[in-house]
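Starting from the known structure of chain A, fit chain B onto it as the hints suggest.
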Amino acid sequence: MSGIAMPSPDAAILARAPQIVAALRDVLPADAVISDPEETRAYECDALTAYRCPPLAVVLPRTTEEVAAAMRICHEMRVPVVPRGAGTSLAGGALPTADSVIIATLRLREVLEIDTANRIIRVQTGVTNLSVSAELEPQGFFYAPDPSSQLACTIAGNIAMNSGGAHCLKYGVTTNNLMGATVVLTTGEVVELGGPEMGPMGLDLMGLICGSEGQLGIVTEATLRILPRPEGARPVLIGFDGAEVAGECVARIIRSGVLPVAIEYMDDVCLRAVEAFAHAGYPDCAAVLIVEVEGSPAEIDHQIARIREIAGALNPVEFRESRNADEAMAIWKGRKSAFGAMGRLGDYICLDGTVPVGQLPYTLKMIGELSRQHGLEVANVFHAGDGNMHPLILFNANKPGDLERAEAFGNDILRLCVDVGGCLTGEHGVGIEKRDLMGKQYDGPDLEIQMAVKDAFDPRWLLNPAKVFPLDASQSWREEAAAR
Amino acid sequence: MTPDNPSGAGLSPASEAELAALIAERFAARLPLRIAGGGTRVETGAVPGELMSTAAIGGVVTYEPGEMTLIARAGTPLDQIRAMLAAEGQALAFEPADMRGVLGRNGTPTIGGVVAANASGPRRLLAGACRDHLLGVRFVDGQGRVLKNGGRVMKNVTGLDLGKLFCGAHGTLGVLTEVALKTLPHLPDRCTLGFHGVTVEEAVAIFSAALATPFEVSGAAFRDGSAWLRVEGLGPQMTYRRDRLLALLAPREAEVLDDAATLALWPELRDLAHFAGADAPLWRVLVKPSDAPAAARALQALGGEASLDWGGGLVWYCGPGTAQAVRQVAPHATLVRRGGLDGPAFPPEAPAVARLSAGLRHRFDPAGILNPGLMDS
Chain A
1 MSGIAMPSPD
11 AAILARAPQI
21 VAALRDVLPA
31 DAVISDPEET
41 RAYECDALTA
51 YRCPPLAVVL
61 PRTTEEVAAA
71 MRICHEMRVP
81 VVPRGAGTSL
91 AGGALPTADS
101 VIIATLRLRE
111 VLEIDTANRI
121 IRVQTGVTNL
131 SVSAELEPQG
141 FFYAPDPSSQ
151 LACTIAGNIA
161 MNSGGAHCLK
171 YGVTTNNLMG
181 ATVVLTTGEV
191 VELGGPEMGP
201 MGLDLMGLIC
211 GSEGQLGIVT
221 EATLRILPRP
231 EGARPVLIGF
241 DGAEVAGECV
251 ARIIRSGVLP
261 VAIEYMDDVC
271 LRAVEAFAHA
281 GYPDCAAVLI
291 VEVEGSPAEI
301 DHQIARIREI
311 AGALNPVEFR
321 ESRNADEAMA
331 IWKGRKSAFG
341 AMGRLGDYIC
351 LDGTVPVGQL
361 PYTLKMIGEL
371 SRQHGLEVAN
381 VFHAGDGNMH
391 PLILFNANKP
401 GDLERAEAFG
411 NDILRLCVDV
421 GGCLTGEHGV
431 GIEKRDLMGK
441 QYDGPDLEIQ
451 MAVKDAFDPR
461 WLLNPAKVFP
471 LDASQSWREE
481 AAAR
Chain B
1 MTPDNPSGAG
11 LSPASEAELA
21 ALIAERFAAR
31 LPLRIAGGGT
41 RVETGAVPGE
51 LMSTAAIGGV
61 VTYEPGEMTL
71 IARAGTPLDQ
81 IRAMLAAEGQ
91 ALAFEPADMR
101 GVLGRNGTPT
111 IGGVVAANAS
121 GPRRLLAGAC
131 RDHLLGVRFV
141 DGQGRVLKNG
151 GRVMKNVTGL
161 DLGKLFCGAH
171 GTLGVLTEVA
181 LKTLPHLPDR
191 CTLGFHGVTV
201 EEAVAIFSAA
211 LATPFEVSGA
221 AFRDGSAWLR
231 VEGLGPQMTY
241 RRDRLLALLA
251 PREAEVLDDA
261 ATLALWPELR
271 DLAHFAGADA
281 PLWRVLVKPS
291 DAPAAARALQ
301 ALGGEASLDW
311 GGGLVWYCGP
321 GTAQAVRQVA
331 PHATLVRRGG
341 LDGPAFPPEA
351 PAVARLSAGL
361 RHRFDPAGIL
371 NPGLMDS
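Chains as they are written, first to last, in UniProt numbering: chain A, 1 to 484; chain B, 1 to 377.
Check the hints yourself; a few may be wrong.
Cross-link-like lysine-lysine pairs, in silico, DSSO-like; alpha carbons within 30 Å at most [unchecked claim]: (1) A:Lys365 <-> A:Lys336; (2) B:Lys148 <-> A:Lys440; (3) A:Lys333 <-> A:Lys440; (4) A:Lys365 <-> B:Lys288; (5) B:Lys288 <-> A:Lys170; (6) A:Lys399 <-> A:Lys365; (7) A:Lys170 <-> A:Lys365; (8) A:Lys336 <-> A:Lys399; (9) A:Lys170 <-> A:Lys336.
It is worth saying that the hints were derived from the structure and are not from the lab.
Isolated chain A (complex conformation) (with noise of 0.2 Å):
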């Protein structure tokens, strides 16, 4: 176990473990609730895997009615419930505590409403991002949000961190297509947020659901809007001998006024990395740009001729467009294959920040002279439209010291981007790994009136704990929250 600390967990509730696990099985179907450690160790980790600890029980929910009533319990008997969808997250958000009970949507998996006529879907959260867009193929529409896990996580999961994508230049994240959420209070009372209008008509509440970790309430039902799916998507190919010359690219295309769907980077690091697992032909340079348009072939062409003008005033080593699905197939191939090929050369950390797109080139020089001060390597593979950085930083995980090390390089970088005027997470969220780094973006009011937000919602402060909020700066809460 490495840098960041979990609290010891409270012994009088592990000592009260199997009254907890029997008022669950009291209000639960037989198979809802496991206790057994060789199953409940199958939750001890998310995708943030250096860190592990079974919980106490895992509950796993088919309806509101029952998230509600395992809620309940656990207010009660003042249990700590952590929130969890598929596990895919990468900053620890879904990681246990020894005296916690894990309330899982993953058998919430109904798809409930598709009404193309007013554009949304209504699921229940169990549900996988990428099952919601193949509901809606037959009739034409998509879901817009598609983080590349989207094959596994579930729409609980992408609410609760407000997850993005590669398309979200264009289409936005989730919480811009969230138009309603069907919420489990702390207390075990069910609330409905938005719905099918276009609101909000009173306080934000869904908006402020969306991306809160798990530390307010359970979404158990949504409302997505969907998109009509666009008549087709090319992508081009851009090779730049500098950093500096592809980030200018990047603001160039954007004031142009083109928008494309996405454009994604990737460093000469990530592109021998992928040359050599992929075989995807990319140029050796410095820097290749993937930039996707959208629409008819008439309207596409006319866009890509315009990127071709843009690009072309920065004299590019390489301009490759593809002219049909095999030659587009053959640019994402190795972009999609970025963090397989990563893990090809060792072990990898793979970071979130986001920097304003204009500090792209800066930001990319300062990471690389941390690089050197740390000894490790990194590759950089990220959503430039955005500036979501997405920096992965290599390591030996069977050698001692050398996570740490990763983790304190890591810590570095995020620090750089806040400094630059970004931020510590763009869409994998807080979590555990970024959570003692708050108060480098975040001065002691601001959290504090965060964490005021936390204790209307959550007065004993129940739900995903040792999440989000450094452990010093909750400590107060916390423990008049225990004295309530």
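Relative to the frame of chain A, chain B by itself:
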């Protein structure tokens, strides 16, 4: 001049620090404040307390067209921002309305007021509301503390998103001093398809068909028997979209308005020119688009006129009827122009939601001095 027009009188702190000191003082004395930007969007006449405007806390902090980012102090005039963005070929994509005509005001709309009201015009249909373009806020809470949330970048999930709460809170949680917004390229080519002599049912059917296409219709509004679709694009994109939509909706006859006529029509639809200069109550009703025809007919049965925006998702009703009668047919109705009606302007919330909202207000404004009762009476 109307009694609650802030350009005439009241407090007008010149800086965030002055504003913070003023609120701290009012917090200590438990004295309410009636908060406004330019005082052009919301009728706050029934709110107790001294009038206070942020109009003097103005100025653009930074505008980066290549990053599509604008940061401005709350009192910055909306027109100044529009002109600055237009010079770079950009715009606030959510197209906030100018409500002066409808409310009979002569103040200067501010960007802080736009955000506080979540003001979003016809293009919301495609581009989202003000809330979807808000990147960060600075504000003074009800105790006089200067706080911030969010930032200036488009992808940011660091901590709780308080900006969403402030967008549409009408100054009840805190007083905005600075907002960061996403700007978007202003598409250079546009036209409008007009369908005349249609019923409200036919209008919503036209909208529904057009909005199920990938042609990115950026306005779908209905008034006086005419349904309007706005089509925008980059060069040949616009004409292609226009022709595809005309083919889809044939054999319905459509009038095609050119660029200039389109630029003239949509601000009128946005600003509700058809309901300006009148005194009758004006209601804003949010519905599921497919429910719009029934809602519009039920409202018109009360004796007034209805128009639609957002493809039917927004029904405006101007005319007689008690608040009770209007809310009976349209539970989600907000009273925008009182026209002599008393009572709460905002629709009632479900008890559990109202309790959460009250809990939040209490934490941001423990003494209840910021626009008390405006949203929650």
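Comparing the hints with the structure gives:
1. A:Lys365 <-> A:Lys336: holds, 24 Å
2. B:Lys148 <-> A:Lys440: holds, 13 Å
3. A:Lys333 <-> A:Lys440: It is violated: about 37 Å lies between the C-alpha atoms, which goes past 30 Å.
4. A:Lys365 <-> B:Lys288: violated, 50 Å
5. B:Lys288 <-> A:Lys170: Answer holds: Lys288 (chain B) to Lys170 (chain A) is near 24 Å, not above 30 Å.
6. A:Lys399 <-> A:Lys365: Given that 30 Å is the threshold and the Cα spacing comes to 27 Å, the pair holds.
7. A:Lys170 <-> A:Lys365: With a Cα-Cα distance of about 27 Å, the restraint between Lys170 (chain A) and Lys365 (chain A) holds, given a limit of 30 Å.
8. A:Lys336 <-> A:Lys399: holds, 29 Å
9. A:Lys170 <-> A:Lys336: OK: Lys170 (chain A) and Lys336 (chain A) at ~19 Å, within 30 Å.
Going down the numbered hints, you'll see the structure goes against 3, 4, while the others check out.
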